[in-house]
Amino acid sequence: MTSEPRLRRADPMFVTGLTLLGLVVAASLVVPLVSPFDPVRGTAEPLQPPSGTHLFGTDNLGRDMFVRSLAAIRLDMTLAVTAVGVSLLVGTLIGAVMGVAGRSKLSGALSLVVDSINAFPFIVLALGVVAVVGPSPAGVVSAIIVTGWARYARVARARAAVVAGAEYVSAARLLGYSRWRVMTRHIFPNVYSESFAFALSELVIVVLAIAALSFLGAGVRPPTAELGAMISEGRLFLSQAWWIPIFPGAVLALAALSIQLIADGYERMTRYA
Amino acid sequence: MFAALRRHWAVRIVARGVAVSFIVATVAFSVLRLAPGDPVLAILSDQATPQAIEDMRKRLGLDGHLLVQYGRFLWDAVRGDLGTSITSGVPVVRIIADSITPTLTLVAMTAVISLLLSIPIGLRVALVPDGWFARVFRVVASFALATPGFFLGLLALLLFSIRLGLAPVAGFEPGFPAALAYVWLPALVISAQLVPILARVFRASVTRTLDEEFIEAAIVRGVSRSRFQWHYLIRPSVAPTIALLGYITGQLLGASVMIEMVFGMPGIGTRLVRAVTTRDYPTVQGILLIFGVLVVLISTLSELVIRRLDFRVGEAR
Numbered sequence: 001m002t003s004e005p006r007l008r009r010a011d012p013m014f015v016t017g018l019t020l021l022g023l024v025v026a027a028s029l030v031v032p033l034v035s036p037f038d039p040v041r042g043t044a045e046p047l048q049p050p051s052g053t054h055l056f057g058t059d060n061l062g063r064d065m066f067v068r069s070l071a072a073i074r075l076d077m078t079l080a081v082t083a084v085g086v087s088l089l090v091g092t093l094i095g096a097v098m099g100v101a102g103r104s105k106l107s108g109a110l111s112l113v114v115d116s117i118n119a120f121p122f123i124v125l126a127l128g129v130v131a132v133v134g135p136s137p138a139g140v141v142s143a144i145i146v147t148g149w150a151r152y153a154r155v156a157r158a159r160a161a162v163v164a165g166a167e168y169v170s171a172a173r174l175l176g177y178s179r180w181r182v183m184t185r186h187i188f189p190n191v192y193s194e195s196f197a198f199a200l201s202e203l204v205i206v207v208l209a210i211a212a213l214s215f216l217g218a219g220v221r222p223p224t225a226e227l228g229a230m231i232s233e234g235r236l237f238l239s240q241a242w243w244i245p246i247f248p249g250a251v252l253a254l255a256a257l258s259i260q261l262i263a264d265g266y267e268r269m270t271r272y273a
Numbered sequence: 001m002f003a004a005l006r007r008h009w010a011v012r013i014v015a016r017g018v019a020v021s022f023i024v025a026t027v028a029f030s031v032l033r034l035a036p037g038d039p040v041l042a043i044l045s046d047q048a049t050p051q052a053i054e055d056m057r058k059r060l061g062l063d064g065h066l067l068v069q070y071g072r073f074l075w076d077a078v079r080g081d082l083g084t085s086i087t088s089g090v091p092v093v094r095i096i097a098d099s100i101t102p103t104l105t106l107v108a109m110t111a112v113i114s115l116l117l118s119i120p121i122g123l124r125v126a127l128v129p130d131g132w133f134a135r136v137f138r139v140v141a142s143f144a145l146a147t148p149g150f151f152l153g154l155l156a157l158l159l160f161s162i163r164l165g166l167a168p169v170a171g172f173e174p175g176f177p178a179a180l181a182y183v184w185l186p187a188l189v190i191s192a193q194l195v196p197i198l199a200r201v202f203r204a205s206v207t208r209t210l211d212e213e214f215i216e217a218a219i220v221r222g223v224s225r226s227r228f229q230w231h232y233l234i235r236p237s238v239a240p241t242i243a244l245l246g247y248i249t250g251q252l253l254g255a256s257v258m259i260e261m262v263f264g265m266p267g268i269g270t271r272l273v274r275a276v277t278t279r280d281y282p283t284v285q286g287i288l289l290i291f292g293v294l295v296v297l298i299s300t301l302s303e304l305v306i307r308r309l310d311f312r313v314g315e316a317r
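Keeping their order, the protein sequence lines are chains A and B. Take the first sequence: its position 210, counting from 1, is numbered 210 in this note's numbering, and each next residue is one higher. Take the second sequence: its position 281, counting from 1, is numbered 281 in this note's numbering, and each next residue is one higher.
Treat the hints as calculated values from the structure; they're not laboratory data. C-beta atoms are modelled at their ideal positions from N, C-alpha and C, and glycine is treated no differently. You may find that some hints are simply not true.
Stated by the list, open to error - A few chain B residues that face chain A, going by a derived Cβ cut-off under 8 Å, partial list only:
| # | residue |
| --- | --- |
| 1 | Ala146 |
| 2 | Gln251 |
| 3 | Met261 |
| 4 | Val276 |
| 5 | Arg279 |
| 6 | Val284 |
| 7 | Leu288 |
| 8 | Val295 |
Generate coordinates for the entire structure from the input sequences, incorporating the hints supplied.
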């Protein structure tokens, strides 16, 4: 996320997304600190509809849903960024090696692993990993890394194969630079820029996947404030107190939409720059 | 005669599908072994005797050398034995057989609805790319893709089942007309997230087809409108959409896991989630295998359909 010299004109979608996400993140950092209510311990009257004091109402345990939803999106975003960051690094490294190695045995074996992991439904394989690792914040993150890295590897493999054949790479080789130097200085940076754009679009999927796993009871468990788990608990109250499941869902959708706008906008900016 | 068979395109496609199924089985096998943590210690308490640990290892098929375990797993799977559930003692194959009908009905219904919706939508957007319809489609599509599927399902449940009473709140009933009542709403919810993707691919494909020479020739010859749209536009363009449908089956099955939970359908996804939360490893492993094989099966089938539909694919090979 260092300075990107190629980005000149700011895309309106990108700016809108960044503003929306900035607002959500800022609120999730500030509100739980200054609010008199606690995201986990209920101190208010239970099952109150949305009002001036409780913007999103309160749940059956008297917890303020506004503070709880914001604390939850903070956790979801932290977990998602961690999972995407690690899978991006690991997957891109492995993919870049595969692309450069071309038609070698190592590349063939890795390709088999990558393609067979990608053949599975993402959420299903992640569920399988959670079965072993156990439902917890760390468990969800590792499940997403174990199943997610292969997608980055596929993107990086394709890109690295192109970059490895480019003239500036041959030039670097002819200059007598070591393999390591060519790889780290010339190939990896050029593969990485495309993988980063892909990671932004993956972030949407991963935020939703973390919430989905928690919704299924195979992720972050209550009473910890997490949006998917909150929607799951709240669906029992769907007909009497609609605000309990609906507001966490709306916060999740808003965050996902703003990341989607950022990802789409970023892709357009880098493509036309 | 056999040599001719081996060269036939359909046989080659099916053979590759069988080969990929084995790789998929390998992944299902590896998850329990390679994921961090020991399944046996996760099931048993800290005070378990070494004997109890050894017994559980045997029950899970985790005893002996990894290659021996792998051989045993594959051989059993080919013979249709996926082990028995730890929690209920029922054979995993039985569990899958009992719960696959709702899932397959849901997936089939979703595939039909999404194709029926995305073809006209994609056609309209491709023919009038700057019209009001295309704009509305783009906005609705980004909202649909950003909304979590299980939340969309919950909203639909609230509106159609609880408020309007148009669909049952939970459950499933097998049989032709009865199943439709339970399946139409969940299928529509999954379609809401599938149609934007499929329609986009179909639009791109129609746009490419419009550049073909036979389109111009057809216009010059004055082919009738309906014949032009079906024979000259839709049929050649539909192949990439069906190809993607095979690829998207994975996501579709993943979505069905969540949607089954929301709509209380006793399908294979619901069983998978229950197995995961109760750490019923043989069931998790068996269902993973079935999901993988289903993805391979459907992408193989879609490849066969593509070969029949699009004459250009055959020429290219």
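Evaluated hints:
At its closest, the beta carbon of Ala146 of chain B sits 4 Å from a beta carbon of chain A; the interface hint therefore holds under the 8 Å criterion. Interface hint status for Gln251 of chain B: upheld, as the beta-carbon distance to the closest one in chain A is roughly 6 Å, under 8 Å. The criterion of a C-beta within 8 Å of any C-beta in chain A is met by Met261 of chain B, whose closest approach is roughly 6 Å, and the hint holds. For Val276 of chain B, the interface hint holds, the least distance from its beta-carbon to any beta-carbon of chain A being 4 Å, beneath 8 Å.
A hinted interface residue such as Arg279 of chain B counts as satisfied when its beta carbon comes closer than 8 Å to some beta carbon of chain A; here the least separation is about 6 Å, so the hint holds. The criterion of a C-beta within 8 Å of any C-beta in chain A is met by Val284 of chain B, whose closest approach is roughly 5 Å, and the hint holds. Annotation: interface hint on Leu288 of chain B holds; nearest CB of chain A at approximately 5 Å, less than 8 Å. The closest approach between the C-beta of Val295 of chain B and any C-beta of chain A is roughly 6 Å, which is under the 8 Å cut-off, so the hint is satisfied.
Violated hints for the displayed structure: none, as all numbered hints are satisfied.
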